[in-house]
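Chemist: The task is simple: from the sequences and hints, build the whole structure.
First residue of the sequence shown: 1, per full-length UniProt numbering; consecutive thereafter.
Calculated directly from the structure, the hints in this document are not laboratory data. Be careful, since some hints might not be right.
What the hints assert, rightly or not - Lysine to aspartate or glutamate pairs mimicking EDC-like chemistry, simulated, CA-CA at most 16 Å apart:
#, residue 1, residue 2
1, LYS246, ASP225
2, LYS164, ASP117
3, LYS150, ASP225
4, LYS164, ASP225
5, LYS104, ASP136
6, LYS129, ASP117
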Amino acid sequence: MEPSQNNWLQTGWIWRQGGQRIFIELQFTLRDCNSIPGVSGSCKETFNLLPIRTYQVCNVMEPSQNNWLQTGWIWRQGGQRIFIELQFTLRDCNSIPGVSGSCKETFNLLYAESDWDLGRVTREDRYSKIDTIAADESFTQGDLGERKMKLNTEVREIGHLNRKGFHLAFQDVGACVALVSVRVYYKRCLSTVQNLAVFPDTVAEAAFSTLVEVRGSCVNNSEVDTDSPPRMHCSAEGEWLVPIGKCSCSAGYEEGHSSCEVINRTKQKKQTSRSKEDTENMPTDK
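Modeler: Given below as structure tokens:
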């Protein structure tokens with residue numbers, strides 16, 4: 001079976017802080033990213049001598065924070081179950097002196113479905129919460145001094161989607177967090193050939209238990225078995241399962257590597273001659 005494939009979706013970003021959204025172009029300048037309280041926006045750091053671009057916020061000194069980072073409109077391209085992979089770092093509140101109860105160690109992930117780009121000013125009540133995101137590992141002031149990056153990876157999903165696309169949003173409520181990477185994708189079963197039948201690319205369904213039945217088309221110079229036409233099922237994980245039926249090579253053709261090839265007449269004559277000789281040399285009962 002062919003492996004499943006993830007199709008990536010692209011987007012832009014909008015940053016909103018203190019009631020005002022500001023569009024941030026995807027261009028960055030190198031500056032200190034030591035998560036100093038009060039710093040927010042885009043930042044570029046290095047990790048193992050490789051540049052890492054992040055969006056970060058660390059307004060932990062004041063309570064009641066409500067800072068938003070919103071993506072541009074993402075066309076879902078037929079995907080019904082969308083996966084969101086986040087990579088981020090988050091600072092341990094106990095390592096920041098003087099913050100008491102104003103520092104948080106989580107942020108919220110949200111989405112808003114729509115048939116068009118909602119623009120740079122999107123009402124918060126249009127968003128639905130996906131989950132509250134927490135870090136498995138948080139970093140401290142000591143980690144900063146040693147240039148250690150404790151990178152967390154979390155995957156969430158949304159579906160069944162009905163609109164043409166959606167926006168994602170990240171809500172900060174008072175954490176010291178840097179968003180390093182966001183990958184948005186859906187799964188599909190790749191086009192493949194099985195039992196001399198071609199099965200096209202098929203988008204996986206949203207429900208885990210749902211299998212999409214797909215009918216195959218016979219390869220060139222082959223014919224469908226009328227009693228058992230070729231079928232396979234695309235799983236929610238983007239894997240082909242349960243092959244049923246087949247195609248057979250037409251007269252004058254033989255099965256090759258996932259295809260039907262013209263029978264080699266010379267080879268056929270030799271096989272026929274050898275078969276005839278074997279028959280003639282067979283012992284007979286007397």
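Chemist: Check the hint pairing LYS129 with ASP117 against an upper bound of 16 Å on the C-alpha distance.
Modeler: Violated: LYS129 and ASP117 sit about 19 Å apart, past 16 Å.
Chemist: Has the given pair, LYS104 with ASP136, been kept, meaning a C-alpha gap of at most 16 Å?
Modeler: Holds, at roughly 14 Å.
Chemist: Checking one constraint from the list: CA of LYS246 to CA of ASP225, max 16 Å. Satisfied?
Modeler: With Cα atoms ~6 Å apart, LYS246 and ASP225 stay inside 16 Å; holds.
Chemist: Do the alpha carbons of LYS150 and ASP225 lie within 16 Å of each other, as the hint requires?
Modeler: 57 Å, violated
Chemist: For a C-alpha distance cap of 16 Å, please report whether LYS164 and ASP225 respect it.
Modeler: 39 Å, violated
Chemist: Need the status of pair LYS164, ASP117: alpha-carbon distance at most 16 Å?
Modeler: 10 Å, holds
Violation of the numbered hints given earlier is confined to hints 3, 4, 6; the remaining hints are satisfied by the structure.
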